[in-house]
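Number of protein chains: 2
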Amino acid sequence: MSKHILVYGGKGALGDRLVQYFKGKNFKVTSIDLKESEHADVNIIVNDSDTLEQQAKFVNESIRNKLNDERIDAILNVAGGWAGGNARAEGFIKNSELMWKQSMWSSLIVASLASKYLKEDGLLTLPGAAAALEPTAGMIGYGAAKSAVHQMTKSLAAQNSGLPNSVSVFAIAPITLDTPMNRKWMPKADMSTWTPLEYIAEWIDEPTSRPKNGSIIKLTTTNGKTDLGFH
Amino acid sequence: MSKHILVYGGKGALGDRLVQYFKGKNFKVTSIDLKESEHADVNIIVNDSDTLEQQAKFVNESIRNKLNDERIDAILNVAGGWAGGNARAEGFIKNSELMWKQSMWSSLIVASLASKYLKEDGLLTLPGAAAALEPTAGMIGYGAAKSAVHQMTKSLAAQNSGLPNSVSVFAIAPITLDTPMNRKWMPKADMSTWTPLEYIAEWIDEPTSRPKNGSIIKLTTTNGKTDLGFH
Chain Y
1 MSKHILVYGG
11 KGALGDRLVQ
21 YFKGKNFKVT
31 SIDLKESEHA
41 DVNIIVNDSD
51 TLEQQAKFVN
61 ESIRNKLNDE
71 RIDAILNVAG
81 GWAGGNARAE
91 GFIKNSELMW
101 KQSMWSSLIV
111 ASLASKYLKE
121 DGLLTLPGAA
131 AALEPTAGMI
141 GYGAAKSAVH
151 QMTKSLAAQN
161 SGLPNSVSVF
171 AIAPITLDTP
181 MNRKWMPKAD
191 MSTWTPLEYI
201 AEWIDEPTSR
211 PKNGSIIKLT
221 TTNGKTDLGF
231 H
Chain V
1 MSKHILVYGG
11 KGALGDRLVQ
21 YFKGKNFKVT
31 SIDLKESEHA
41 DVNIIVNDSD
51 TLEQQAKFVN
61 ESIRNKLNDE
71 RIDAILNVAG
81 GWAGGNARAE
91 GFIKNSELMW
101 KQSMWSSLIV
111 ASLASKYLKE
121 DGLLTLPGAA
131 AALEPTAGMI
141 GYGAAKSAVH
151 QMTKSLAAQN
161 SGLPNSVSVF
171 AIAPITLDTP
181 MNRKWMPKAD
191 MSTWTPLEYI
201 AEWIDEPTSR
211 PKNGSIIKLT
221 TTNGKTDLGF
231 H
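Protein chains in written order, with UniProt numbering: chain Y, 1 to 231; chain V, 1 to 231.
Derived from the structure by calculation, the hints contain no laboratory data. Hints may contain errors.
All copies of an identical chain are treated as equivalent in the list; a pair is satisfied when it fits inside any one copy or across any two copies.
Claimed, not checked - Below, a list of computed lysine-lysine pairs in the BS3-like style, where the Cα atoms sit at most 27 Å apart:
| hint | residue 1 | residue 2 |
| --- | --- | --- |
| 1 | 119 | 94 |
| 2 | 94 | 225 |
| 3 | 23 | 119 |
| 4 | 116 | 94 |
| 5 | 66 | 218 |
| 6 | 28 | 66 |
| 7 | 66 | 225 |
| 8 | 101 | 3 |
| 9 | 23 | 3 |
| 10 | 57 | 94 |
| 11 | 25 | 225 |
| 12 | 218 | 57 |
| 13 | 94 | 35 |
| 14 | 35 | 225 |
| 15 | 57 | 101 |
| 16 | 225 | 101 |
| 17 | 212 | 66 |
| 18 | 66 | 94 |
| 19 | 57 | 25 |
| 20 | 25 | 101 |
| 21 | 57 | 212 |
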């Protein structure tokens, strides 16, 4: 039976890449997003005007109905976005709430899904940000929300977090340096969302290849080559 | 002119103590809370059913109208609460959102207030939690929200955060050990909200006495005596 991967944010720039990549590897791919992914096998379309609780209930029920007691091999949350602003900025409050909604609503929902539908030895990734490991005075809401994602990653990796046995949880924090070669390699890509897909594929296939559970994984891409750092 | 302190959560267990303590030191005290504090000079009553943006707008306008171009000496946010739950727990999503709302809505609002109304050399404190410096598998939403408060504390203390010059920002993270002597000293208190008021008073009076800007200050109270740790 083919492996089943769930991409939260499967219609975003990185999400779409993940969907197509894993389809190419004969995975069954479910996309959860505000819009339908034409490349996914199964789509779950979230209503953006629903509350967090409504979204969580809808997604949980939709997944349960479609799974038929199967388990999922990996849940990759690549939802998120960016908005800046210091405490004095126009839109500081609004943008800070948006950052929470984009990174943490999705992360809370996938944590809930993982607790019920991820298989033992499964993989869960959350959308981290290397910048949030330091103060982020010019993007306060973004840094706070990503810091919440990081701490939650470590909580989910700890004992008695409610996840199935031997699940690995990582926060993926891509950094792309803006070099001429990177621009050449990724001419149209959002530079902030470049992630080496082959690493994730290997972590799904080979649990022994995975970094330490609970790691925040910095991915630094330079001239088309990606290095991993762990926090 | 007497000093002016603003207590966000002035009707809570710790907030009420702060209000009364600083009234006793002849401060002008403004309380922001869902209910009126009978001990405060000025009350701003927030409507719990308003959105974050509505609350922020209302509080900002209320403060502006009451200040007459004065500046505030200190803003102490002691709003917050606690709810547990791992990823599998009943109420995980709901409680996690509540934790965000209690700790981060109030912290975003006071950051906005501080950017406009705190004086130079002023003091801003946010409600931290020592537990969130480590993984919190049994209270995932709480740890994530408090981690966001901690990172935001460091962002606000950094250059160009939008706060007035020389403002100090701390996250206050009380730890109370449950010893017989503590129970004797604080027979009716919420053990988690014991904070040495004299430290805060000194930090307001004497900026040179303050810890490093951006510190998460662990307050460990044992047998009625409080020790400070910094993170």
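* **Violations among the numbered hints, reported as their numbers in ascending order** => 2, 5, 7, 8, 12, 14, 16, 17, 19, 20 and 21
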